[in-house]
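Single-letter residue listing:
Protein chains: 2
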Amino acid sequence: MGSDRDAHPLSRSADWPQAWLARTFPHAPNDVALYRAALTHRSASGRNNERLEFLGDAVLNMLAGEWLFERFPLAPEGDLSRLRASLVSESPLAQIAQQIGVGEQLQLGSGELKTGGFRRESILADALEALIGAVYLDKGLEVTREWVRGLLASPLAQLPEADALKDPKTRLQEYLQARALALPLYEVERIEGEAHAQHFAVRCELKSLQAVTFGEGSSRRRAEQQAAAQMLQQLVERS
Amino acid sequence: MGSDRDAHPLSRSADWPQAWLARTFPHAPNDVALYRAALTHRSASGRNNERLEFLGDAVLNMLAGEWLFERFPLAPEGDLSRLRASLVSESPLAQIAQQIGVGEQLQLGSGELKTGGFRRESILADALEALIGAVYLDKGLEVTREWVRGLLASPLAQLPEADALKDPKTRLQEYLQARALALPLYEVERIEGEAHAQHFAVRCELKSLQAVTFGEGSSRRRAEQQAAAQMLQQLVERS
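These protein sequences, in sequence, are chains A and B. Numbered per numbering that gives the first Met the number 0, the first sequence finishes at 238, counting up by one with no gaps. Numbered per numbering that gives the first Met the number 0, the second sequence finishes at 238, counting up by one with no gaps.
No lab work stands behind these hints, which were simulated from the structure alone. Mixed in with the good hints there might be a few duds.
One copy or two, either will do: identical chains are not told apart, so a pair holds if it fits within one copy or between any two.
[Claimed, not checked] With a straight-line cut-off of 20 Å between C-alpha atoms, the simulated EDC-like cross-links for lysine to aspartate or glutamate are: (1) K138 / E69; (2) K165 / E49; (3) K206 / E173.
All chains should be modelled from the sequences, with the hints used to inform the complete structure.
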């Protein structure tokens, strides 16, 4: 256990954790006491991070949900839920916490310290959530959103499901860009029906490959996605 | 079943649901298509509310959590979680949806319509969450927060736990105001310890009743709360 204790400073300087905050956050914290509380496990004395973790967990869920909602505009609700569950589960959160050095900043009671609590996944993940709560209270939603999206970018890219869930237009675009080909042209061919029950027919053309596909749907976006999916299939079959 | 169908208009005018939106929301919606989708159950054709419900559920959880965090500054995380779970569970959400007339605005497939789906709690609660998602996308967090706090105010007041969780300063203030008595004076008597391990001693005085109590804690706020709790106890014992 000696080595575990060695890896974690037992006493804090009076300005803890200001140097770490300055290194870690793109913004300048206003209320440092909030960040101190976020880094204080309930086993230590003083204001601990349990309430901030409650708040930060909700903020994180919202921001992750919102991000997935934006990035996967055609993914059904079930896929979004599954993706989010993988993204904000304990293990990836603990990994992020470790990467930004939360473990060394944690304030723990002596029992937790002796048994290496600053390396335990649940303690690290909780502290990260509490930090998200602290940033939200201290700097508001915009700053928190930017910080959290930065933290989640690499875990999201590593989720095997994420690529398959990209919408066909995005995948088609990436496919063409990877081959240095011009982007497709989408054109509405037909709109039918009344104002709130319209039906769209769309044409997708790749001039460089002399390929044309069609798509239909209850919105222009949906029709375009269908046409893009057809085009992707055609390209894969050709290659 | 006939009467169920009678209670729900089978066809929509072209500007559905604009009149209802104007009656229901304090803000003027920009993107009406979002609200239409929020009111469209998956049993109906067209863009339905499942993705918006995913987003709105996360926004609601965050806003409810944030509100409880603010209103009950001394409640431990477990109490906040319990309160939120009661507040945003299906039954109270369905009741709110019913009160603002979501049922009559719902777009359902004919099967759901025949069996009175527009009165089913799960369908109503989901549609309310989807509407919260729509407002968030359409008008941003501030507008959504204001609307959601208005919707939750009465369900929150009805939770039996909520009153007990109010912090002592708030309860003392309400106790005195209800009796038309002057508010207490709090004064810091002593601060001890280093910068991030300070200890506060605070005095609470009620001049009108010639009563004084004391409190201590790791922050001024905590010390004041303790002094207020002592004062409340004294008042209750006197009366």
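Hint check results:
no. : hint        : in the structure
1   : K138 / E69  : between (23 Å within a copy, 16 Å between copies)
2   : K165 / E49  : between (36 Å within a copy, 18 Å between copies)
3   : K206 / E173 : within (17 Å within a copy, 73 Å between copies)
Violated hints: none; the structure is consistent with every hint.
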